[in-house]
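The sequence shown maps to residues 1 to 315 in this note's numbering.
Derived from the structure by calculation, the hints contain no laboratory data. Please note that the accuracy of each hint is not assured.
[What the hints assert, rightly or not] Now the in silico label distances, taken between C-beta atoms and shown as ranges: (1) Arg-231 <-> Asp-42: 50 to 60 Å; (2) Pro-56 <-> Asp-228: 43 to 53 Å; (3) Thr-186 <-> Arg-38: 48 to 58 Å.
[What the hints assert, rightly or not] As a list, the in silico DMTMM-like pairs of lysine to aspartate or glutamate whose alpha-carbon atoms are at most 25 Å apart: (4) Lys-249 <-> Asp-200; (5) Lys-249 <-> Glu-220; (6) Lys-249 <-> Asp-175.
In this text, a Cβ means the ideal position worked out from N, Cα and C, and glycines have one as well.
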Amino acid sequence: MTAPLPAVAAEDGAGRWSWPISPPRDDAAVAVRPAEARAVADLGVRNLRRLQYHDPSAPGRRVITRLLGPLEAVNAALDSPPTPHRRRAMLDVVAVLLTRCAETGRTFWGWTETEWFHLLGRTQAEFRRHAPTWVGDEVRPYLAAHAYLLGGFNEFHRLGSFQRLTLAWRIFGRDRVNGEVARLRTVLVAWGYRLGRDEDTLLPMVACQLFLLNRSPHLEDLDTALFDRVRRDGLLEGSRLNTLHAMQKRPQSGHAAPAARPLAITSTVPNAAVTASTSTSSIPSNTSESQNDVPACMNSTITVHSRPRHRPTST
Numbered sequence: 001m002t003a004p005l006p007a008v009a010a011e012d013g014a015g016r017w018s019w020p021i022s023p024p025r026d027d028a029a030v031a032v033r034p035a036e037a038r039a040v041a042d043l044g045v046r047n048l049r050r051l052q053y054h055d056p057s058a059p060g061r062r063v064i065t066r067l068l069g070p071l072e073a074v075n076a077a078l079d080s081p082p083t084p085h086r087r088r089a090m091l092d093v094v095a096v097l098l099t100r101c102a103e104t105g106r107t108f109w110g111w112t113e114t115e116w117f118h119l120l121g122r123t124q125a126e127f128r129r130h131a132p133t134w135v136g137d138e139v140r141p142y143l144a145a146h147a148y149l150l151g152g153f154n155e156f157h158r159l160g161s162f163q164r165l166t167l168a169w170r171i172f173g174r175d176r177v178n179g180e181v182a183r184l185r186t187v188l189v190a191w192g193y194r195l196g197r198d199e200d201t202l203l204p205m206v207a208c209q210l211f212l213l214n215r216s217p218h219l220e221d222l223d224t225a226l227f228d229r230v231r232r233d234g235l236l237e238g239s240r241l242n243t244l245h246a247m248q249k250r251p252q253s254g255h256a257a258p259a260a261r262p263l264a265i266t267s268t269v270p271n272a273a274v275t276a277s278t279s280t281s282s283i284p285s286n287t288s289e290s291q292n293d294v295p296a297c298m299n300s301t302i303t304v305h306s307r308p309r310h311r312p313t314s315t
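Model the full assembly from the supplied sequences, consistent with the hints where possible.
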């Protein structure tokens, strides 16, 4: 019996994700031009942050178009509710990155992973120490999205308790990510995995970490090399490793679902008729997270029915 992943519903409309911006092929794009550095300084914080009463027609804005364009393209590609709070964070990210370009003399295209990590900080407190004083806490998650899409930064496991699920929603699109997780749930819950249930939170978190590492939110793109890397580098541990194991066993087109473990049955009843019935109710309700990788089909209740030994009739 094969159990291919459910097809994406046509009405979802999410489609296949593609990288929203391409880096320039010209090495000269890495260096900040003297005129651009002067324009950033002349614009000042008010114009860079686009605060109230800023000058939208300031000449310096035309000078930094080459730097500003990719930053605005990333913001436009993010799936983020258009609230004033989030809009302010997205504008401030642009200001932070433009300021940083002028300070280093290099554009974000040329920053190393170490430089992005230094800018993001290992923690929120470390981020605040490196950022301008006018930067709020809400800026860091959006900065992480820019680091991912502009600089290829993918070391989010170094950022402490970072919300990878929210980041994946923001980068890949909430509907697309939720749709892929739902496809996976459909199969896992059919096999009896607890993490396939809607109330489980481990599956979305682990799935999103894999999507980010793989630079794709599509289940079909997950391969053995990725799972091996996660184990080798210790990127997941504990119950999250169990979830990783279940995800790796996900069915694909032409792959059979895992068979239930064969039952060893011993009966002391002569000529007993033995049946095995599978039931999720045989799993204790207080099962820990570490047992999420055990499908219900592995927990079987054995029922033994006795019947009298057949005796031949006399003739």
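Hints versus structure:
1. Checking the proposed 50 to 60 Å range against Arg-231 and Asp-42 shows it holds: the Cβ atoms sit about 52 Å from each other.
2. Hint check: Pro-56 to Asp-228, Cβ distance near 51 Å, so the stated range 43 to 53 Å holds.
3. For Thr-186 and Arg-38, the Cβ-Cβ distance of about 57 Å falls inside the hinted range of 48 to 58 Å, so the restraint holds.
4. Distance check on the hinted pair: Lys-249 and Asp-200 sit about 18 Å apart at the alpha-carbon level, within 25 Å; holds.
5. Proximity of Lys-249 to Glu-220 is assessed by CA-CA distance (about 13 Å); at most 25 Å being required, the pair is judged to hold.
6. With a C-alpha separation of about 24 Å, the suggested pair Lys-249 and Asp-175 falls inside the 25 Å cut-off, and the hint holds.
Every hint from the earlier list agrees with this structure, and none is contradicted.
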